[in-house]
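Visitor: Given next are the chains, with one letter for each unit.
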Amino acid sequence: MNANRTLNVILGIYVALIFAFVFAPIIFSMIFSFNSQRFPTIPLGNFTTEWYVKILNDPDVWEAAWNSLVVCTSTALIATFLGFCTAYSDFRYNFRFKGPYLALILLPPTIPLIIVALAMLAWFSKIGMSGQIYSIIIAHSVLTAPFAMAVIRLRLNQMDPDLEAAAWNLGGSEWATMRHVIVPFCKPAIASALFLTAAVSFDEFAVSWFVSGLNKTLPVIILEIVQGNIDPQVNAIGTFVFLISITLVVLAQVFLFSRQLKSIRP
Amino acid sequence: MTEPLVVFDKVRKHFGSFVAVKEMDFEIHEGEFLAIMGPSGCGKTTTLRMLAGLEAPSIGEIRLGGKVMNDVRPHERDTPLVWQSLALFPFLSARENVEFGLKMRGVDKTERKERALKWLDKMGILEFADRDISTLSGGQKQRVALARSLVMEPQILLLDEPLSALDAHLVIRMQAVLTDLQRELGITFVYVTHSQSEAFAMADRVVIMGNGEIAQIGTPKDIYREPANQFVAEFVGRNNILSGTVASVAKDTAQISTPSGDFTVPMNDVTLTNGQSASFVISADLVHIARDKPKGGNMAQCKLISEEFVGSMVTLFLEDAQGHEFKVQMQERELSKFDLKGGDQIWLSWDTQSAHVLNES
Amino acid sequence: MPSKPRKNIDLYALTWRLPIIIWQGIFFVGPVLFMLAMSFFLVVNYRMTEAFEFVNWTKMLSRGYFWDSYWYTIFIASVSTICAMCIAFPAAYALAFRASESTRRWAIFLLIIPFFTSYLVRTFSWFVILSKSGVLNGLLSNFGLGPYTMLNTNFGTLVGYMTLTLPLVVILQTFSMANIDKTLIEAARNLGCKSFAVIWQVIIPLAKTGLIIAAIFCFILSFGDFVAPFYLGGSQEPTLPILILDTTKSGQQWPRAAVVAIMMMGTLFVVAFGGIALAYRKRKGAK
Chain A
1 MNANRTLNVI LGIYVALIFA FVFAPIIFSM IFSFNSQRFP TIPLGNFTTE WYVKILNDPD
61 VWEAAWNSLV VCTSTALIAT FLGFCTAYSD FRYNFRFKGP YLALILLPPT IPLIIVALAM
121 LAWFSKIGMS GQIYSIIIAH SVLTAPFAMA VIRLRLNQMD PDLEAAAWNL GGSEWATMRH
181 VIVPFCKPAI ASALFLTAAV SFDEFAVSWF VSGLNKTLPV IILEIVQGNI DPQVNAIGTF
241 VFLISITLVV LAQVFLFSRQ LKSIRP
Chain B
1 MTEPLVVFDK VRKHFGSFVA VKEMDFEIHE GEFLAIMGPS GCGKTTTLRM LAGLEAPSIG
61 EIRLGGKVMN DVRPHERDTP LVWQSLALFP FLSARENVEF GLKMRGVDKT ERKERALKWL
121 DKMGILEFAD RDISTLSGGQ KQRVALARSL VMEPQILLLD EPLSALDAHL VIRMQAVLTD
181 LQRELGITFV YVTHSQSEAF AMADRVVIMG NGEIAQIGTP KDIYREPANQ FVAEFVGRNN
241 ILSGTVASVA KDTAQISTPS GDFTVPMNDV TLTNGQSASF VISADLVHIA RDKPKGGNMA
301 QCKLISEEFV GSMVTLFLED AQGHEFKVQM QERELSKFDL KGGDQIWLSW DTQSAHVLNE
361 S
Chain C
1 MPSKPRKNID LYALTWRLPI IIWQGIFFVG PVLFMLAMSF FLVVNYRMTE AFEFVNWTKM
61 LSRGYFWDSY WYTIFIASVS TICAMCIAFP AAYALAFRAS ESTRRWAIFL LIIPFFTSYL
121 VRTFSWFVIL SKSGVLNGLL SNFGLGPYTM LNTNFGTLVG YMTLTLPLVV ILQTFSMANI
181 DKTLIEAARN LGCKSFAVIW QVIIPLAKTG LIIAAIFCFI LSFGDFVAPF YLGGSQEPTL
241 PILILDTTKS GQQWPRAAVV AIMMMGTLFV VAFGGIALAY RKRKGAK
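Protein chains in written order, with the working numbering: chain A, 1 to 266; chain B, 1 to 361; chain C, 1 to 287.
It is worth saying that the hints were derived from the structure and are not from the lab.
It cannot be assumed that every hint is accurate.
[Stated by the list, open to error] Residues from chain B that face chain A, not an exhaustive set, calculated with beta carbons under 8 Å:
hint	residue
1	18
2	66
3	70
4	72
5	89
6	93
7	104
8	105
Positions of the beta carbon are idealized from the N, C-alpha and C atoms, including for glycine.
With these hints in hand, go ahead and build the complete structure from the sequences.
Guide: So, in structure tokens, the structure goes:
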């Protein structure tokens with residue numbers, strides 16, 4: 001039917017437009033990071049790498065990049081560990097107050113970041129832990145643990161419920177079973193969780209801004225530049241940040257879906 | 001008489017208010033193939049799990065080799081289980097799966113590999129040793145699961161409906177494999193199933209469970225010929241159950257009056273009194289058919305409803321004038337002599353001694 | 001599970017159960033509770049002292065600018081939610097019903113990316129694109145249109161909110177519609193229901209729960225975001241998050257900021273609860 005085909009074409013264009021809207025700012029930033037004009041506009045200026053040169057020679061940027069790296073890897077490790085513990089506890093055990101227990105890990109993303117930032121700032125100040133790199137690491141791990149937990153919990157759902165008992169039955173203690181059965185089974189999800197939490201942490205600016213004091217991460221640098229005048233350096237830093245985040249997120253998804261590329265669950 | 005290998009002593013199991021196992025008292029002898037059979041929810045899997053240590057009895061003791069096992073953790077026992085879902089480790093190859101138990105016991109790498117390969121060979125799947133188990137067929141996976149348990153060289157092997165996921169033709173073949181294996185190794189097999197044909201085909205003794213209790217224990221032949229009560233009789237199937245009131249009692253026999261007629265039954269283990277209600281069972285293969293009315297003895301006239309062929313055996317389903325269903329089982333070549341059609345009226349008869357009176361329970 | 005004698009502590013279970021309790025207890029519950037308490041503290045000579053006074057509450061809640069901001073934030077977040085839900089719907093419909101399984105997976109795979117990548121830089125890009133001498137006006141001038149003022153307006157703020165929420169809303173809507181029982185749609189068509197009506201009468205009611213959850217998330221995100229109204233909306237009309245930002249960073253008035261934060265949390269709580277109740281409500285008399 002012609003009407004149906006036309007509708008499909010229209011819908012296809014519509015979806016493409018949505019994608020264009022969503023990806024436009026990213027692509028824009030990448031294109032204009034090579035543009036010579038101070039203020040990006042049409043028609044384009046000359047091709048240049050001066051902005052990249054500028055940021056690569058800026059020690060503040062390097063320090064912030066290093067801080068970001070330290071923060072996101074530490075966050076990934078802590079958040080994934082916490083997420084794993086909680087996912088396994090939820091999977092294996094039924095206990096009283098399980099509801100509030102799960103709420104403890106699942107609530108943080110539902111609270112607006114600015115409020116979390118304020119609360120963390122105040123609390124860390126009170127207990128004397130503010131303004132340090134580890135302050136950001138702790139805050140980020142609280143925020144990203146839910147993602148890790150969700151990813152690993154979903155993976156555990158796919159496990160044959162008898163698998164753990166089968167290992168015990170064959171002589172594996174609970175600890176040995178954890179080491180030789182549960183963790184190997186969850187490997188793709190653990191990898192995915194590591195990359196996902198790293199990605200979220202890497203881009204997080206609000207809480208970092210509040211809590212980091214003088215130890216800035218890249219997003220905080222970006223914030224400060226953006227507060228000031230229009231500075232094309234932002235595009236250069238932004239492009240780096242995009243590429244790293246995109247890589248992390250893509251890797252996270254690849255690990256999660258790699259099973260589907262291999263074979264169906266036996 | 002040797003000490004029994006396993007003893008269930010007044011074992012009960014409840015989950016909160018739900019009673020899964022009411023009272024289990026039985027023994028398992030070394031080297032026997034024991035089947036535990038019953039409908040869904042009868043407590044058979046719970047019983048097996050208690051033996052493996054995955055559940056602990058609420059009351060009572062389970063003794064293995066004379067030792068009380070109630071507090072022994074599952075991984076400290078030597079009771080490998082072949083799971084209904086097979087529970088093979090998807091991230092390990094076939095050989096690594098088989099090695100798993102040995103690895104947990106601390107057997108060194110070379111010896112592990114050697115023993116695993118030996119058992120894979122014995123199960124006929126050596127060529128699949130290093131394959132990802134997701135690439136194996138149902139039957140092959142089944143053999144890996146068996147090898148995984150048997151490589152441990154246990155005293156006792158537990159099996160939880162292991163054939164339920166297989167295609168019909170594989171089931172028959174695997175039944176033969178299991179029986180041969182058990183005879184050859186001399187290991188005690190405890191086999192849980194809901195299928196009467198499986199249990200009766202393979203087991204030395206069968207425990208029939210219903211509603212969390214043992215209904216009967218015995219050899220397949222004893223249970224088939226002399227079911228203890230109506231539950232067992234109905235579960236075993238392929239027999240005819242008739243119920244009525246005792247009309248008269250003689251020295252060794254009694255007359256029972258049923259809607260389908262009056263029949264004489266032997267009083268071998270049960271004593272009947274006049275006016276008592278009673279049921280009796282006649283195995284389908286002990287019923288004779290004829291076109292003409294027999295001269296005397298137990299008889300009933302029925303209409304042929306349908307025939308069912310399994311291999312060379314045929315089961316006839318008939319109905320008498322009162323609507324009571326009868327089953328007759330015979331060889332197909334026997335049946336062909338009669339040239340029967342649906343709707344034909346036939347006379348059924350049986351010897352008095354073929355009948356077995358059921359205990360009321 | 002093997003039942004153990006009650007006396008022994010299950011070290012294994014505790015090892016896995018405790019970490020999150022301890023960690024979130026100190027670093028999540030602590031901050032939130034402290035913030036609640038902080039709303040009653042006093043700031044004397046630029047220093048915050050612990051106290052139990054209601055002055056922050058009375059002062060803040062009696063200020064006109066607070067309530068203006070409050071209602072504006074609710075307004076703009078609601079508009080954002082309606083816009084996002086409507087804009088996303090045709091795309092989600094297309095992905096759920098017209099796209100192949102693999103196209104749908106690829107689409108979601110791609111949409112997840114911007115959701116996790118720097119919102120800040122994307123907002124900055126929009127700032128530059130939408131400004132008076134920016135790319136968009138530059139393009140339009142080729143057709144003799146504009147220049148339009150898009151920044152420092154509600155429109156700018158909304159563009160920012162869409163950047164934040166659209167990927168998530170499309171994903172959630174697609175999931176909720178892709179998972180409904182297709183046979184019910186066929187049955188409806190079979191009974192003579194026309195295409196457009198099918199959407200209203202069959203698809204939306206069936207996907208109701210997922211759609212409402214998408215809306216709730218969208219509202220929470222928009223309500224709590226300060227970047228869009230600040231950079232693209234010019235904070236002409238400050239939203240509550242901007243209020244918190246100002247009060248904290250410039251004013252050092254953390255207790256006052258805490259009051260705003262608590263009001264925000266309370267409002268979101270009501271919205272979320274109400275929404276979920278609506279999402280899972282059974283029709284009267286239905287089991």
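Visitor: It remains to establish, for every hint, whether it holds in the given structure.
Guide: Hints, verified against the model:
Violation of the interface hint for residue 18(B) is found here, the shortest Cβ-Cβ separation to chain A being roughly 15 Å, above the 8 Å cut-off. Annotation: interface hint on residue 66(B) violated; nearest CB of chain A at approximately 21 Å, more than 8 Å. A cut of 8 Å between beta carbons decides the hint on residue 70(B): the least distance to chain A is about 16 Å, and the hint is violated. A least Cβ separation of about 12 Å between residue 72(B) and chain A goes past the 8 Å threshold, and the interface hint is therefore violated.
About 6 Å separates the beta-carbon of residue 89(B) from the nearest beta-carbon of chain A, less than 8 Å, and the hint is met. Hint status for residue 93(B): violated, given a least beta-carbon distance of 12 Å to chain A, over 8 Å. For residue 104(B), the shortest C-beta to C-beta distance to chain A is roughly 4 Å, which falls under 8 Å, so the interface hint holds. Given the 8 Å rule on beta carbons, the hint for residue 105(B) holds: about 5 Å separates it from the nearest Cβ of chain A.
Checked against the numbered hints above, the structure violates hints 1, 2, 3, 4 and 6; every other hint is satisfied.
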